[in-house]
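Chains as they are written, first to last, in the numbering used here: chain R, 194 to 690; chain E, 1033 to 1204.
If you're looking for bench data, these hints aren't it; they were derived computationally from the structure. Heads up, some of the hints might be wrong.
Computed spacing ranges between beta-carbons, pair by pair [what the hints assert, rightly or not]:
#, chain 1, residue 1, chain 2, residue 2, range
1, R, P677, E, E1191, 25 to 33 Å
2, R, I398, E, G1115, 54 to 62 Å
3, E, R1190, R, S563, 41 to 49 Å
4, R, W219, E, T1145, 53 to 61 Å
5, E, R1190, R, F351, 53 to 61 Å
Every residue gets a Cβ at the ideal spot worked out from N, C-alpha and C, and that includes glycine.
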Amino acid sequence: MEAYRNVVTLGCVVLYMLACIGVGIWALRRTHSPKDFFMAGRDLGIFVTGLAVFSSTLSGFGFVGGPGLVYRMGMSSMWMVICSSIGFCLAFFLLAKRLRLMAGMRDFISLPDAIAARYNSESARFLSAVAILLGVLGYLATQILAMATVLRSILSKFEMWENVSIEFCVAFSCAVLVFYCVTGGIIASVYTDLIQGSVMIVAAIMVFVATLMAVDGGMSGTVMTLFQDDPESIGPWGTAGMMNCLSWYFLFALGLSGQPHIITKMMMNRRVEDARYILPVSWIGYALSALLWISIGLTMRALVLQGGHPDLVNADDAAPEFLQFYTHPLLAGIVFAGLFAAIMSTADGFLNIGAAAVVHDIPRAVRGKSLERELLWARIGTVVIALAAALFSLYSPQDLIALLGAFGWGTFAGALVPTVAIGFNWKRATAGAANTAIVASLVIGFGLELFKDYIQVPFGINGGAIALIASLTLFFGISLMSKPPHIDDDIKTVMDL
Amino acid sequence: MRIALTLFALLLGMVGVLAWTVTLEAPANATGFQHPDQAAMLQGGDLSRHDNLFGPSLTLGVLEIVFFLMLMALAVQHRDRIGSFAGPLAVCGAIYVGFFVAMFAAYRHYGATESPALYLSFPATTALMLFGVGGAPLLLIALYIARFEQWILTPEDRERYEELLKANEGGD
């Protein structure tokens, strides 16, 4: 079986991609309107919605970047994982009910629709759509590059594809992604999320078991190895320190309530009461998948320190190296499929909301009405955004990609947590405060990243957390100093429920 | 309004702590340093790197947790619902903050022995982070499930919503 490791890996990835294409064809027959394309007809069940929410949260970062961070810094990045319990809790308490009720009442098909209705403001709609589009392009570019890089590493192990180009890999992996996103819109996205989430959970559990067997003494043996080398690495703060960890905790916990690709799904479930069970399904899925994040990183660090594995040149090699040398070929194949699943389950959500921003929200904000033949334009918009992100990932300077990639979680958090998570629960929140919060998060987040060589934030305090605290403070301050805003009666009633 | 003002005050508190932190001198290993033998690893080094950060970090962490809890109160506050939710929220909050403070207390003595006692495979302070700070919010998730019809969407809310839908003559 070992001799066929690469064949098995490629086979698992191909099977997974064929499953995605199959879902795309199935979903095509169920997509007849913009409401189907963007909101899945608001007809999703508990399990589908729960897995879609969690798999959108955990991107490829959880399978490669996360283990790499643990390998490099020890327990520091665990603060990004343990925050998931309070993060999902906050998102559901704050948004699950009100977003779903408002969406049903006013027939929203996008988050900016909801923002425009809440604040009676087309400028708030426009700004939120622009913030979403910028974040989507940056995030998508990094996800596409990650997919292509992994695909190239798999293909290059075969003689006939030894020199396969990154451009080919971008084109191929984008083609599968775009196919099911164009044919089936968000229906295809959430039902592939069902497959993707299941693969991620299975892969993570099996890898976790494999890590326990890789080091003598299991996790205890791993921990003692790390302790003897550097107690701080296995302490609660890792190597990054207290302030860095606490800033990550705040940003990733509260920021979940501002991620448009996640909270938009809260408008899609069949019954608002289903939120009661969607929350635990989402958290359990995430917690099980995150087992891979912690276990591979710690285990590889221990193996290298013990001398059982050569030193890694790049921390992000921790996961691929573990799969190559310490797992059964079939498990490695499943995990690689899980990696594609993690990347695509986030990317497809971004594609859909990006298309909504371009063909629905921005035209409505500018012209006062949607485009005619909106479903057709939604499909065209999906292709255009994917193409733009792919070209951006290939031909833009890496610094710019990193800049826009960093624009992701933190900027969405700073822009949308005050505007949506707070604003939908507090009648005193004003459109002016919402617009200020969105602009402030873009300026601060962008500025800190662009000038990071000149602005040294002490103790590793995360710039995204600073932007979030700043935008929240401005949001509350401006709202409290302003006259109470006018809110439409039906929106006000829902906010009182 | 009281909850909103409390949230604003907590945010100003966080801004104050960050400003306090900026005035402190950061030691060279504040965010780790290159491992002497392994190319892609960092080490944290001496625990004394956190000596001047205990106060700000403990304060910031507690402010963050209280902020999260107050957000949940904001979400539930309508009509008289916050009254019956306040007690369980306070209890869960006390447990949550308690685990966070206990983690700090355990960290004070961390690294003092060559072979620490392990709890669920981790040193005490790390176990408190993973299972205490990470696990305490599960109580809130359990409350969400168990008391959904009492605190989140009551039958009266549902009825009122159906009336709204009829009045709007739209949606689903």
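Each hint tested on the structure:
Taking 25 to 33 Å as the suggested C-beta distance range, the pair P677/R and E1191/E conforms, at roughly 28 Å. A hinted range of 54 to 62 Å for the beta carbons of I398/R and G1115/E is inconsistent with their spacing of about 42 Å. Between R1190/E and S563/R, the C-beta spacing of about 31 Å breaks the proposed range 41 to 49 Å. Hint check: W219/R to T1145/E, Cβ distance near 59 Å, so the stated range 53 to 61 Å holds.
Separation of R1190/E from F351/R is about 58 Å and conforms to the stated range, judged on CB atoms against 53 to 61 Å.
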